[in-house]
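**Student:** Heads up: the protein sequence lines correspond to chains A and B, in order.
Start counting the first sequence at 1; every next residue gets the next number (this note's numbering).
Start counting the second sequence at 1001; every next residue gets the next number (this note's numbering).
No wet-lab data here; the hints were simulated from the structure.
Glycine included, each C-beta is placed from N, C-alpha and C at the ideal position.
Check before you lean on any hint, since a few could be wrong.
Some chain B residues flagged as far from chain A (calculated, every beta-carbon gap over 10 angstroms) [what the hints assert, rightly or not]:
id : residue
1  : 1068
2  : 1319
3  : 1397
4  : 1401
5  : 1426
6  : 1430
7  : 1440
8  : 1629
9  : 1686
If we take Cβ atoms under 8 angstroms as the criterion, some of the chain B residues that face chain A in the derived model are [as the list claims (entries may be wrong)]:
id : residue
10 : 1392
11 : 1394
12 : 1400
13 : 1408
14 : 1409
15 : 1412
16 : 1483
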Amino acid sequence: MTVPTALLRPHAEDAYAGELTALAAADDRPRPPGWRMSPAAVVTYLLGGTLADGTVVTPKYVGPRRLLEVAVATLATDRALLLLGVPGTAKTWVSEHLAAAVSGDSTLLVQGTSGTPEEAIRYGWNYARLLAEGPSAGALVPSPVLTAMRTGRIARVEELSRIPSDVQDALITVLSEKTLPVPELGTEVQAVKGFNVIATANDRDRGVNELSSALRRRFNTVVLPLPASFDDEVDIVTRRVAQLGRSLELPELPPALEEIRRVVGVFRELRSGVTADGRTKLKSPSGTLSTAEAISVVTAGLTLSAHFGDGVLRPADIAAGMVGAVIRDPAADAVVWTEYLEVVVRERRGWGEFYRACREVSG
Amino acid sequence: MTAAAGPAGTGAAGGGRPGPAEVRVLGIRHHGPGSARSVRAELAAYRPDAVLIEGPADADPLVAYVAEAGMVPPVALLAYASDAPQVAAFWPFAVFSPEWQAVRWAVANGVPVRFCDLPAAVTLADRPDPDDGPGPGRGPAPDDGPDPDDGPDPDDGPDPDDGPAPDDASDPEDGPDPTDAPGPTDGADPTEWPGSGGGPDAGGPPDLARAGDPVVVRHDPLALLAAAAGYDDPERWWEDLVESRGDAAGPFEAITEAMAELRAAAPPQDPVEQRREDRREAHMRTVLRATLKSGARRVAVVCGAWHAPALTRPLPPAAADSRLLTGLPKRKVTLTWVPWTHGRLATASGYGAGVTSPGWYHHLFSAPDRPVTRWLTTVAGVLRAENLPVSSAHVIEAVRLAETLATLRERPLAGLAEVTEATLAVLVDGDQVALDLVTRRLVVGEALGAVPESAPTVPLATDLRAAARRLRMTLDATEKAYELDLRKPTDLDRSRLLHRLRLLGVEWGTPARAAARNLGTFREAWSVRWRPELEIDLVEASGWGTTVPAAAAARVVARAAAGTLAELTTAVEAALVADLTAALPELLVALDARAALDTDVAHLMAALPPLVRAGRYGDVRSTDTAALDRVADGLLERVRAGLPAALTGLDDDAARLLRDRVLGVHAALALRADPAARDRWLDTLAGLADRDDLHGLLTGQLVRLLRDAGRLDGAAAGVRLSRALSVGTSAAAKGAWVEGFLAGGGLLLVHDADLLAILDRWVVGLDPRTFVDVLPLLRRTFGSFAAPERRSLGDRLRGGGTGPAAAPEEIDVALAAPVLPTVELLLGRPA
């Protein structure tokens, strides 16, 4: 139920406003203080379903139900939630939708980088006013976390492990005391019920800025896996590609399930290092080849075929994106890819066109 | 409240006592802690004067042991065919098994207990024998009458009103019944005894279980009820409905009703299975009638929920039941208690329908209150023991998460799924490995049961205890080191016992040093420690035989039958060390046959050294090894015949492999005191050494062997060396030749002046250009020598120049004479 808009990518709470309203209306279970709907309704929002009044809730996440139940229950216990996983396992996606469903606002976001300053987690100052008025509540610039505390909403911290350790530790007081002292003003901000933090971190980058055990202890950890089955993954890619196509206002194309299955199949085989029939061992390339990358390969292919092709997704349209996704390290991955093409793809029935297209692009 | 108040059963009313007797059927889930608690409470409230339990009827005499001090669950009832212990079945009990609780209650209150399921004598008669021949227990049981254990139970006997007498055996219905039908497949029925199904664990060689019990997959009836209630997992459904009830109010009436509905709606199953089930229920009813008839006024029946409706009054006419039970094949069986483990209760060990989480069930049953809090505290303890930092705050948060999850899922109490997810998310930070540890240690658990000393043991265990007593070894849990002197009879017997047990997979003793180091000596070091789990290994091994030597022999023969030639010879060696002379003829016949068929000389050569070692060992252990020598001779002849053809056209790797094999055979023959055989072998080698088409590595090695054996003198070896290193051969071949010739290090070169002289002369004689060519090859070979060896080689060459450095030393025979007898003793020569 996407709302047509001029925005390139509307926030989850805007894009799915209808679903959220319907869910909240139909929800008769007790809601934790500050929540827009009950935990069970949040899970339904993420996994999809049909409400009593006939509203269809689209699935946002395809994966094990128990993981989302643990995530939602964590937020309900006022413990912070840490979503772990390799890149492209929908960590950010899940965190955005959780925030949208729980507090109706997914915008209180701190993007973690190696340059994230403490101000991004605590507060900063409007220096003009600071100089003019001295320290005052008006001169204080709240961080997204501080705003979330004041209003009792969910704050999101992306890529927590990329933030320098000393800055990470600013979160400890927030998470354990649920207060943020402002010594300059001699006051503090106490969190209102409904406040919580969802952080995401990358498994592969572990060790970049390993969380201190004091901070780790404040989080419940949920590890988001790569899609368990081929069909799950095809389903995810198809769904997301359709959504993206709409929001990017690409010309409507016939469903290209054949090519999507091909992309997902190639990704899964390369990722697991063995062909789907289990007969041939393969080398794995250095990239993660996540579902998110499969989605972008298909979307790029759709764009190509819409603007330069005949409007039908052809193997040639996905070949370029595919090669770009697989070959991250020009030396090692190129060997892996060539081996895969020659050993697996060339022999496969009905893959001739794809093989030729890939050879052409790979050069 | 139960189905007690109906009109008296047909057969039971004949008791002649005033007033109707009362029967309560307690339908339970096997190994369900909630059921166990309910049963205990129900029995305490109902106070029956007789208790019937689903279990083999011929296990009645074993009930008394339950009350003894040494009895600690988990334990299992073991039934095995007396003539073929491999044919066995287990009925495991944990402390949280409702049946166990019922038995305990009854024994503690002095109430008579009887098992009411089909006797093991009947269930086991259905099983095929391991050796495919017609088993003695098959068909119409010849041992039917006289055996007290086995004969018709009193209640089996024809009741006056029980209808047709045994001549009904000719009933057309009985005709087609296949007595060797697939074994019981209770595994498919979740309300069934997990043990009686004889999964891969049911004792005996695994292949037997596989061959005899193809699992007939049958629709799981409980899943129907669970699905109707909206549960994806029937276990969880049952848990919510029954097991997780904190109160103990009896749910039994409702269960019986639900099961009656379910039985009516269940799809028809395989006729053979259906017949088996009918018989079992007929037997249960028969025992119930007999109990009522013997004067019991208040009877409690504890059985799997599935059977509950079948035992509820009004009972069907006794005549039909008795017809079902007539003419069943029987065999002589022995029953006993054996210790069991939680690991074995769990599905994790391949148990067909075991419980996946015995540790959790045990916890649910034994924790007085707050099971979730207690559980997570225990988990934290386990993690701390592994040095994973888990604070009390972690535990608090884990409990909160588990409870919130349960609320979210609308479950009355957090279950195993919730506490496991809380553990994963809070206690171990999403680390799957740490979670697996918790699963292994706690969810499955490592509890180990014990049975009292007085309980009948498996014959193998009795035999072992007797042997240990005779040899003055105690089955002690503390580790003890034995230094055995094989020349002393007691020590020799001890060594044999330990070797036999190892063959049986009962690791009571482990060799304290690598076995290879012990060969040929008369000393053997063992580290001996008895662990309670070994009792279970013993029970498993009891499938192979009733005494330690017989079982070990059967096992080694069975293992060798499937193995390669080399495995066969290893088995022969093991059999000799363990003094299993009974197994030897069979092994040697198999070995001879296998050697004749095996065309790969490499295999034959690999098989020879263990045989020769075995023969050698036999000397020390005073075993007769004449047959062994014959086989070894035959093997050697085959090797000699096949070797010339096998050595052509080899690449580097193959040459290296064959070189090792040739060395192995050579060393084995050196060990064997048979000069004739050694001469024949050297003849073969000599014939090979001059061939041009061999790999350089092999030729070099052969020349070296022949020179060491004195077949080639220094000059002849020198000629070969210079020929091999001349212009006509390629650089790689030269390198290989030198490597083969100088294999085994430089020490020999240091002491053998002749050899050194040959090499030295050759090197000195090289023209400068050729020298540069072969330099890398020589460097490769000499580089593999140890540094001191190279240094002393250099010293020799610098100091002594070419030619023999020192003239052959004068040997003072008179001085050496006193040493010789000792050397001969060490070499094993007859004095």
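**Student:** With reference to the structure, classify each hint as holding or not holding.
**Tutor:** Right, here's what the structure says about each hint:
1. 1068: holds, 45 angstroms
2. 1319: holds, 54 angstroms
3. 1397: For residue 1397 of chain B, whose nearest Cβ neighbour in chain A is about 6 angstroms away, the distance does not exceed 10 angstroms, so it is violated.
4. 1401: violated, 6 angstroms
5. 1426: violated, 5 angstroms
6. 1430: violated, 4 angstroms
7. 1440: Per Cβ check, residue 1440 of chain B is outside 10 angstroms of chain A; nearest 20 angstroms; holds.
8. 1629: holds, 48 angstroms
9. 1686: holds, 47 angstroms
10. 1392: violated, 11 angstroms
11. 1394: This hint holds: residue 1394 of chain B lies near chain A, its Cβ roughly 7 angstroms from the closest one there, short of 8 angstroms.
12. 1400: holds, 5 angstroms
13. 1408: holds, 5 angstroms
14. 1409: Because about 7 angstroms separates residue 1409 of chain B from the closest Cβ in chain A, which is inside the 8 angstroms limit, the hint holds.
15. 1412: violated, 16 angstroms
16. 1483: violated, 50 angstroms
The structure does not agree with the numbered hints 3, 4, 5, 6, 10, 15 and 16 stated previously, though it agrees with the rest.
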